[in-house]
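Those sequence lines, one after another, are chains G, L, C, S, Z and A.
So the first sequence is numbered by this note's numbering: it starts at 1 and just counts up by one.
So the second sequence is numbered by this note's numbering: it starts at 1 and just counts up by one.
So the third sequence is numbered by this note's numbering: it starts at 1 and just counts up by one.
So the fourth sequence is numbered by this note's numbering: it starts at 1 and just counts up by one.
So the fifth sequence is numbered by this note's numbering: it starts at 1 and just counts up by one.
So the sixth sequence is numbered by this note's numbering: it starts at 1 and just counts up by one.
Any given hint could turn out to be false.
For the chain C half of the interface with chain L, some residues (derived, Cβ under 8 angstroms), not all of them [to be verified]:
| id | residue |
| --- | --- |
| 1 | R77 |
| 2 | E78 |
| 3 | Y80 |
| 4 | I82 |
| 5 | G86 |
| 6 | F223 |
| 7 | T224 |
| 8 | V232 |
| 9 | V242 |
Think about it this way: if two alpha-carbon atoms lie no more than 25 angstroms apart in a straight line, the pair counts; the simulated DSS-like pairs of lysine-lysine are [claimed, not checked]:
| id | chain 1 | residue 1 | chain 2 | residue 2 |
| --- | --- | --- | --- | --- |
| 10 | C | K5 | Z | K201 |
| 11 | S | K295 | A | K237 |
| 12 | L | K295 | C | K5 |
| 13 | S | K201 | G | K5 |
| 14 | G | K295 | S | K237 |
| 15 | S | K236 | G | K295 |
| 16 | L | K5 | C | K236 |
| 17 | A | K5 | S | K295 |
| 18 | G | K236 | A | K236 |
| 19 | G | K236 | A | K295 |
Source of the hints: derived by calculation from the structure; they are not laboratory data.
Bear in mind the structure is a predicted one, so any value in this text is a computation, not a measurement.
Idealized CB from N, CA, C, for every residue including glycine.
Read off the chains here:
6 protein chains.
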Amino acid sequence: MIVDKPLAELEQYCPALTTASDFDAFWATTVAESDGQPLNASVEEYPFPSDRVTVYRVRYDGFGQNTRVAGWYLVPREPYRIEVDGATPTLVHYHGYSDSKGLPIRQMSWALQGYCVFAVDTRGQNGETPDNNVYNSGSILGCMTKGILDPATYYYRYAYMDCVRAVDFVRSRAETGPIILAGGSQGGGLTIAVAALATDKGIVGAMPDVPYLCHFRRAIEIFTDGPYRELVDFWKKHPYDVEQNYHTLSYFDGMNLAPRIKCPVLLSVGLLDTICPPSTGFAVYNHLSCPKTLKVYPYNGHEGGSEYHEIEKWNFVRSLLA
Amino acid sequence: MIVDKPLAELEQYCPALTTASDFDAFWATTVAESDGQPLNASVEEYPFPSDRVTVYRVRYDGFGQNTRVAGWYLVPREPYRIEVDGATPTLVHYHGYSDSKGLPIRQMSWALQGYCVFAVDTRGQNGETPDNNVYNSGSILGCMTKGILDPATYYYRYAYMDCVRAVDFVRSRAETGPIILAGGSQGGGLTIAVAALATDKGIVGAMPDVPYLCHFRRAIEIFTDGPYRELVDFWKKHPYDVEQNYHTLSYFDGMNLAPRIKCPVLLSVGLLDTICPPSTGFAVYNHLSCPKTLKVYPYNGHEGGSEYHEIEKWNFVRSLLA
Amino acid sequence: MIVDKPLAELEQYCPALTTASDFDAFWATTVAESDGQPLNASVEEYPFPSDRVTVYRVRYDGFGQNTRVAGWYLVPREPYRIEVDGATPTLVHYHGYSDSKGLPIRQMSWALQGYCVFAVDTRGQNGETPDNNVYNSGSILGCMTKGILDPATYYYRYAYMDCVRAVDFVRSRAETGPIILAGGSQGGGLTIAVAALATDKGIVGAMPDVPYLCHFRRAIEIFTDGPYRELVDFWKKHPYDVEQNYHTLSYFDGMNLAPRIKCPVLLSVGLLDTICPPSTGFAVYNHLSCPKTLKVYPYNGHEGGSEYHEIEKWNFVRSLLA
Amino acid sequence: MIVDKPLAELEQYCPALTTASDFDAFWATTVAESDGQPLNASVEEYPFPSDRVTVYRVRYDGFGQNTRVAGWYLVPREPYRIEVDGATPTLVHYHGYSDSKGLPIRQMSWALQGYCVFAVDTRGQNGETPDNNVYNSGSILGCMTKGILDPATYYYRYAYMDCVRAVDFVRSRAETGPIILAGGSQGGGLTIAVAALATDKGIVGAMPDVPYLCHFRRAIEIFTDGPYRELVDFWKKHPYDVEQNYHTLSYFDGMNLAPRIKCPVLLSVGLLDTICPPSTGFAVYNHLSCPKTLKVYPYNGHEGGSEYHEIEKWNFVRSLLA
Amino acid sequence: MIVDKPLAELEQYCPALTTASDFDAFWATTVAESDGQPLNASVEEYPFPSDRVTVYRVRYDGFGQNTRVAGWYLVPREPYRIEVDGATPTLVHYHGYSDSKGLPIRQMSWALQGYCVFAVDTRGQNGETPDNNVYNSGSILGCMTKGILDPATYYYRYAYMDCVRAVDFVRSRAETGPIILAGGSQGGGLTIAVAALATDKGIVGAMPDVPYLCHFRRAIEIFTDGPYRELVDFWKKHPYDVEQNYHTLSYFDGMNLAPRIKCPVLLSVGLLDTICPPSTGFAVYNHLSCPKTLKVYPYNGHEGGSEYHEIEKWNFVRSLLA
Amino acid sequence: MIVDKPLAELEQYCPALTTASDFDAFWATTVAESDGQPLNASVEEYPFPSDRVTVYRVRYDGFGQNTRVAGWYLVPREPYRIEVDGATPTLVHYHGYSDSKGLPIRQMSWALQGYCVFAVDTRGQNGETPDNNVYNSGSILGCMTKGILDPATYYYRYAYMDCVRAVDFVRSRAETGPIILAGGSQGGGLTIAVAALATDKGIVGAMPDVPYLCHFRRAIEIFTDGPYRELVDFWKKHPYDVEQNYHTLSYFDGMNLAPRIKCPVLLSVGLLDTICPPSTGFAVYNHLSCPKTLKVYPYNGHEGGSEYHEIEKWNFVRSLLA
């Protein structure tokens with residue numbers, strides 16, 4: 001059943017980063033480009049059968065052209081809202097690959113605790129948000145290889161920045177206080193990316209679970225299920241593009257982004273995870289220089305710690321705000 | 001992809017009941033026996049990271065001897081508790097086959113709405129509740145064939161009555177008002193059973209999803225996945241016991257219990273459900289004579305309506321209490 | 001092993017069309033819109049290790065904005081080129097779902113026979129052609145549900161017209177004579193669509209194999225493998241959109257398009273096809289009013305008649321030109 | 001296809017035992033407790049279509065309370081019975097996990113050779129023997145995690161002693177001579193356990209095949225199929241209990257029991273066994289200090305040597321009695 | 001789970017035979033040809049660890065040229081041999097597809113009861129018997145399509161007659177009395193064939209279990225697993241040979257052979273059998289005009305009644321000899 | 001996803017040959033025996049819908065007795081035929097395991113380039129060529145274990161020599177010039193064998209793709225899919241024959257044959273190939289001492305380089321003839 005290195009090795013596993021020489025410049029340019037682009041947010045109340053939480057239907061401009069990102073913004077009503085220094089701590093939530101932000105009910109257990117929650121779609125997946133970026137070529141069905149011939153055109157450049165812009169949206173709201181990021185699988189990868197790219201935007205904690213999009217070379221070597229397969233399937237048809245594609249991926253690799261993170265991080269891995277193998281999570285964790293906590297679930301797979309870890313997150317958020 | 005009859009046929013599908021002549025007597029005796037057995041409940045506060053809900057760890061005597069049933073009892077604190085005529089509406093929750101009541105966090109979205117929640121284990125499954133009933137023979141690993149040679153010794157006679165006794169527990173609490181039952185799959189079957197067997201115990205609504213344990217003959221004929229297989233596997237080794245076993249099962253068949261239900265019911269079925277095939281859910285629904293609502297999810301399987309249906313349940317509960 | 005109706009029933013199977021009242025208007029408008037849009041084709045020679053066939057790398061504007069469609073155009077050199085009345089018969093080839101036009105070598109056995117061949121990508125699949133249409137919402141990964149909320153925005157409106165425009169490209173070439181369409185699976189569906197929508201563009205024959213995108217209701221009812229699953233997966237998450245989506249699909253259903261075809265058709269079906277079930281192919285065939293030939297492969301699945309059918313196609317093309 | 005270490009390494013594989021400090025005391029107490037508990041055996045003739053073998057239906061008290069263990073006792077009639085010093089060598093047979101003692105016919109080829117045979121159920125599996133031990137908590141469906149929080153309450157403490165008591169039953173019979181133990185998979189684990197725990201009860205040989213319940217840590221690390229999965233599934237839901245559970249398992253580990261065995265042992269392993277991986281069998285074998293024979297089947301899985309090994313067992317038993 | 005018609009329909013299921021006009025002539029010629037060919041049997045004692053049964057290694061000429069058929073002939077020694085009128089009843093056993101006669105130990109439980117047993121290989125499968133018939137063409141790997149273009153050259157013409165010749169061998173032995181045929185799956189089909197073709201050779205009973213090679217058209221229509229797939233795979237590559245091949249198969253179809261059987265038959269079917277679907281067994285049974293008994297195992301698959309049915313066979317044989 | 005050693009290790013992987021002492025003598029004798037046996041070829045024109053290529057239906061005597069090998073011989077007509085020094089370069093093509101030479105259309109893209117092509121069946125597989133060799137025993141269904149008890153009787157001794165004789169046939173034709181061998185999987189193994197055994201027969205190049213039948217020990221150790229499984233399945237039933245069988249296989253191992261090859265070789269491997277694992281291809285390549293080229297497809301499996309590699313082969317052949 002062991003699917004990766006033994007735990008003792010994982011704890012020491014700190015592979016060399018694969019950061020390209022212009023990695024920082026690439027992201028500095030990209031973030032600046034996003035910062036210079038207005039959100040054009042629209043916010044309208046959305047009917048929901050609760051007296052305690054108001055739900056808003058939000059749209060804002062995604063990074064680049066043509067793509068409006070959809071989100072649910074949940075705001076607890078008085079007296080159900082937590083306030084810290086007059087503002088409400090806010091969870092920004094990113095979803096897993098091929099999923100969506102879901103219905104507002106998905107975030108209710110956080111909102112009913114008194115937090116604001118902003119849950120956003122990842123573009124071009126199964127939510128209300130298209131991916132209207134303009135690409136130069138086709139790709140394997142799915143998102144993993146869209147625009148992969150160049151870091152500047154790669155799908156996740158846009159998806160990552162959309163997520164940074166979700167933080168920008170939250171910060172534009174009067175009621176919003178300290179920001180905590182959360183998400184599992186792709187949502188974990190997005191959490192890492194935003195924590196790394198938006199270090200000056202009021203984020204006080206990040207909770208990536210079983211993160212995807214980390215340490216691509218190792219992941220491809222050892223995964224057996226899940227969307228890393230899109231890359232393999234692409235390379236079956238484009239065998240001569242492999243190394244160039246790995247170069248592109250290096251800009252988006254959570255392992256390379258990890259050293260930039262400054263806020264406290266609560267990370268989880270499942271040692272039987274065959275979709276996002278544990279060595280890829282440890283590679284991220286061992287490159288973090290921020291305050292950090294790791295929860296290892298020894299016989300769990302990609303579901304991670306589930307209810308046990310949900311409580312860890314409740315406690316982690318409370319500790320951040322204490 | 002169609003896995004059962006077409007929808008138009010399902011809507012008319014009302015097979016003959018298979019109720020044995022002593023069906024009512026059997027259950028009258030059983031319920032009386034349970035009513036005469038004390039609960040011996042223990043209730044102790046359990047630490048949980050919330051200021052809004054108090055969690056209690058509950059134990060009470062299951063039906064018959066030797067089995068203490070475990071439950072989580074969640075009580076919202078002031079001012080977070082809903083009150084109807086001075087008492088708090090309470091959800092009693094039953095879980096799916098082979099699962100458990102989980103951790104208290106599983107029920108938090110209901111408790112944080114202001115409802116009391118009592119979530120109990122099904123005996124001998126993966127919770128804190130053993131099945132210490134005394135049996136006369138072995139069985140297929142699992143619960144489906146324990147004691148199946150006689151209705152009086154069948155596992156679900158005990159499991160059903162444990163669930164009725166969960167209602168008894170709730171009614172023993174001062175803060176509890178109207179009771180609503182809920183659960184999916186096996187939890188749906190238990191919801192139907194309790195609604196049918198505890199008609200005079202303050203239950204105002206029942207919300208069974210994709211119910212298991214209904215219309216056994218049809219289910220066995222058409223299912224392809226899930227725990228009905230235990231019966232088939234048992235019959236492979238005991239080919240001469242089949243008809244006797246079906247006789248036992250008839251006492252526990254949700255279809256036979258359905259006509260006894262008086263409270264309003266919100267039922268869901270997924271038309272691609274291969275574990276609890278839709279015709280078995282329709283057989284129950286079409287035998288209900290209480291106020292009833294059916295939600296059909298045409299391309300969902302055993303997951304049913306998921307978030308869509310969760311909202312239906314929020315609304316249904318609100319309508320019951322309006 | 002039988003996966004659909006018995007052959008005798010299939011031969012008589014002619015379900016009612018599901019053509020919407022504005023079906024003809026919809027397509028008239030769409031075709032006119034395409035006809036009014038310039039191709040802006042680029043054609044450059046591409047190195048290939050053959051003295052007998054010249055390969056050209058072609059790009060032309062896909063339907064609507066922003067999408068350049070890629071194709072390989074193979075032209076036999078003298079004396080290897082067939083001429084009919086001074087022009088060379090030309091095969092236009094469409095590929096299967098999630099695939100691409102491949103490398104030029106894929107079409108060489110036709111080009112080396114002396115035909116021109118134009119093989120084009122389907123947009124947004126695994127070729128060199130992106131799908132840069134602008135959508136209003138997200139979708140299941142893949143193409144089947146992109147823009148499905150409205151026939152005007154549906155992915156295949158664009159994909160179908162790109163294929164019609166491939167015919168336009170061929171007709172713009174001096175060397176091109178009579179046009180024959182070919183393709184299997186999605187390529188079969190596209191062949192049907194183009195034959196139905198481009199009836200006045202010099203097409204003398206169409207050879208759809210095991211066609212996809214035909215008789216959606218039946219296909220969804222009975223398929224077990226392949227991309228119809230995208231629709232089912234979409235409806236799991238959007239259960240209330242099913243009927244609207246079927247309405248959209250009706251405009252793109254090969255069965256509804258079939259009666260419009262005028263050129264001779266050679267169609268193939270495999271009776272064990274679980275991806276594009278045989279009843280959906282018969283539904284098309286039985287609605288054709290043009291000269292038509294059906295080849296039924298009784299124990300083949302989605303691979304169809306393979307080498308046997310390849311010879312049928314060689315013969316069919318020769319007969320068209322005789 | 002290699003599923004474990006190479007053969008050369010397996011032959012040397014002798015991992016450290018994981019015996020707890022009170023291991024011997026634990027078993028001394030347990031055996032004494034069993035020895036002090038009467039069998040209360042009942043023996044009644046059971047009709048069987050053979051003139052050569054009489055079949056008896058046996059029941060005796062299992063270890064602890066409430067559980068009557070069922071067995072088939074086959075006694076060859078004169079002149080078909082082998083006698084050694086006036087008594088008949090007797091095979092005690094234990095079955096595989098989730099199975100049962102079967103019907104008497106299963107043991108006929110041994111009885112017809114002239115041996116007595118006693119085949120017993122393992123409690124709570126698919127025979128006529130319930131498991132009416134009283135547990136403190138629930139468990140994964142199946143037996144592997146029942147009572148696992150404490151060695152004293154663990155399911156296999158009872159199951160192992162039931163098997164020792166099967167030897168006690170046989171020894172209580174006048175016609176019984178030297179005793180040989182046999183069984184495959186779980187039956188192999190039980191054979192090892194009884195040989196180790198009942199060293200003074202007339203056992204002259206033990207024939208465990210592809211034994212289960214051996215070297216748990218390694219087994220969990222490398223198995224891919226079969227009931228070790230119950231432990232993994234339990235740990236998914238109880239991630240914090242893993243080490244305590246391993247402590248419990250150490251008392252029941254065939255590897256730890258192996259050094260106690262004194263009678264000759266014939267052990268078999270299949271090098272492609274993914275249910276009871278070969279390294280776990282070698283770990284047992286290499287810790288045996290009794291006379292011992294190993295049969296390695298290099299390309300067999302959990303079926304082991306089948307008919308080849310059946311002959312080995314015929315020969316082994318004959319050699320023990322020679 | 002239902003895999004074929006409901007039981008009530010199966011009991012009435014008696015499809016038209018597909019017997020060709022020269023069916024009887026074909027078999028008359030074939031049997032005569034075999035009867036005219038000498039056995040050239042060799043019989044040598046084979047070492048086996050039993051004092052009660054002597055094992056002989058037998059070889060005899062298979063039907064046609066070049067193929068020596070291998071068998072184990074087990075003869076109980078005095079006083080272990082049953083005698084009826086001075087001769088020993090003898091079981092002739094045929095094995096399942098792709099298997100072999102196994103080792104002699106496989107038949108020991110019958111020999112130790114006092115019967116002679118002759119277990120023979122089916123040619124060209126996994127025993128010691130090659131298939132050295134001379135064919136005119138290739139075939140799908142396996143035996144099902146060897147020589148299928150003509151009944152005279154079809155593999156099973158030779159395999160069937162080899163089995164008839166096994167009876168001839170037994171009859172050539174002085175110690176042999178009444179003959180009973182047995183076998184499961186392919187062995188069931190061979191049992192039916194021999195019982196039908198060797199009606200005058202001292203056969204007093206036939207015990208086919210879950211027979212293969214019966215009612216080919218229905219079998220192909222409804223099977224999902226097992227060697228009927230060879231035919232389907234062959235037809236994928238030879239789509240134009242299907243009807244001719246069905247014609248060949250008609251000569252070997254157990255359903256067509258059934259009416260010729262005169263001895264008592266004990267037949268078994270499993271209603272969940274997906275390899276040899278139950279309707280094909282009922283088709284045989286309902287065409288039998290001899291004394292006959294059917295055992296239906298309602299929730300068993302191709303394993304049939306296993307130990308339950310083994311006892312049925314012990315009883316059936318005893319009743320034949322009573 | 002990595003299924004074998006890392007690429008860097010593969011590049012250095014050169015395991016010891018397992019050549020038996022009489023390896024060269026064995027093959028010298030075998031080849032001489034074949035050379036002494038007449039071909040008795042028959043060649044008749046076969047109708048095919050092409051004006052450019054004439055197809056002939058060929059039969060010739062396979063190695064040993066009784067087996068006529070079938071082949072398609074395609075000869076381009078003037079002016080479509082390439083000529084080198086007045087003769088036409090000729091491709092000899094061997095097919096994959098369990099397949100056949102197919103229909104003539106399969107080789108048309110080579111013939112239409114101007115080459116002669118001779119595509120032959122492998123005996124006893126799914127073509128028109130039986131395997132009428134006389135064997136001494138049965139075998140697993142399939143070819144891998146036929147006659148495996150002795151190199152002299154092993155199936156592939158005959159299959160290899162049939163392929164050498166295909167070269168002999170081609171050399172007997174007036175129009176034939178330099179010979180190039182090609183094939184994938186089993187066809188790759190046959191290509192290697194013929195190149196090694198027919199070094200003096202005008203072969204100027206060999207193009208084995210993803211070759212089967214190479215480095216058996218390693219292959220068996222690491223494969224997971226495909227026909228090596230026949231050996232494993234055979235050894236399950238014949239566990240004591242393993243080493244003898246490996247001895248037989250050593251004579252047919254492409255790795256042992258590789259050093260004998262003198263003509264240029266173009267070899268391909270897919271690093272994710274689980275049927276013919278990459279280390280077995282590298283073992284061959286690293287033992288080649290002829291001019292050689294390796295194409296490694298890093299994320300392809302047994303499909304190898306497909307269209308990319310097809311172009312490599314066009315180029316390789318052109319370079320051989322340049």
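Hint check results:
The beta carbon of R77/C is not positioned within 8 angstroms of any beta carbon in chain L (closest approach about 50 angstroms), and the interface hint is therefore violated. Annotation: E78/C was flagged as interfacial toward chain L, and the flag is violated, the nearest CB pair being 53 angstroms apart, outside 8 angstroms. Against a cut-off of 8 angstroms between C-beta atoms, the interface hint on Y80/C is violated, since the closest Cβ of chain L lies about 48 angstroms away. Using the Cβ-Cβ criterion of 8 angstroms, the hint placing I82/C at the interface with chain L is not satisfied: the shortest such distance is roughly 45 angstroms.
At a threshold of 8 angstroms, the smallest CB-CB gap from G86/C to chain L is about 52 angstroms, leaving the interface hint violated. With a cut of 8 angstroms, the hint placing F223/C at the interface with chain L holds, because the nearest CB-to-CB distance is about 6 angstroms. Interface restraint check for T224/C: the shortest CB-CB distance to chain L comes to about 7 angstroms, inside 8 angstroms, so the restraint holds. With a least beta-carbon distance of about 5 angstroms to chain L, the hint placing V232/C at the interface is held under the 8 angstroms criterion.
Of the supplied interface hints, the one on V242/C holds, with its beta-carbon coming within about 6 angstroms of a beta-carbon of chain L, less than 8 angstroms. Under the criterion of a C-alpha separation no larger than 25 angstroms, the hint pairing K5/C with K201/Z is inconsistent with the structure, at around 46 angstroms. Restraint check for K295/S and K237/A: the C-alpha separation of about 15 angstroms stays at or below 25 angstroms, so the hint holds. With a C-alpha separation of about 31 angstroms, the suggested pair K295/L and K5/C falls outside the 25 angstroms cut-off, and the hint is violated.
Our distance criterion of 25 angstroms between C-alpha atoms is broken by K201/S and K5/G, whose separation comes to about 46 angstroms. Simply put, K295/G and K237/S have alpha-carbon atoms about 15 angstroms apart, close enough for the 25 angstroms limit, and the pair holds. Restraint check: the Cα-Cα separation between K236/S and K295/G comes to about 14 angstroms, which is no more than 25 angstroms; the hinted pair holds. Between K5/L and K236/C the CA atoms are separated by roughly 19 angstroms; this keeps the pair inside 25 angstroms, and the hint holds.
For the proposed pair K5/A and K295/S, the alpha carbon gap of about 31 angstroms is over 25 angstroms, so the pair is violated. Taking the CA atoms of K236/G and K236/A, the gap is about 35 angstroms. The hint is violated against a cut of 25 angstroms. For the given pair, K236/G sits about 14 angstroms from K295/A by alpha-carbon distance, which is consistent with the 25 angstroms threshold.
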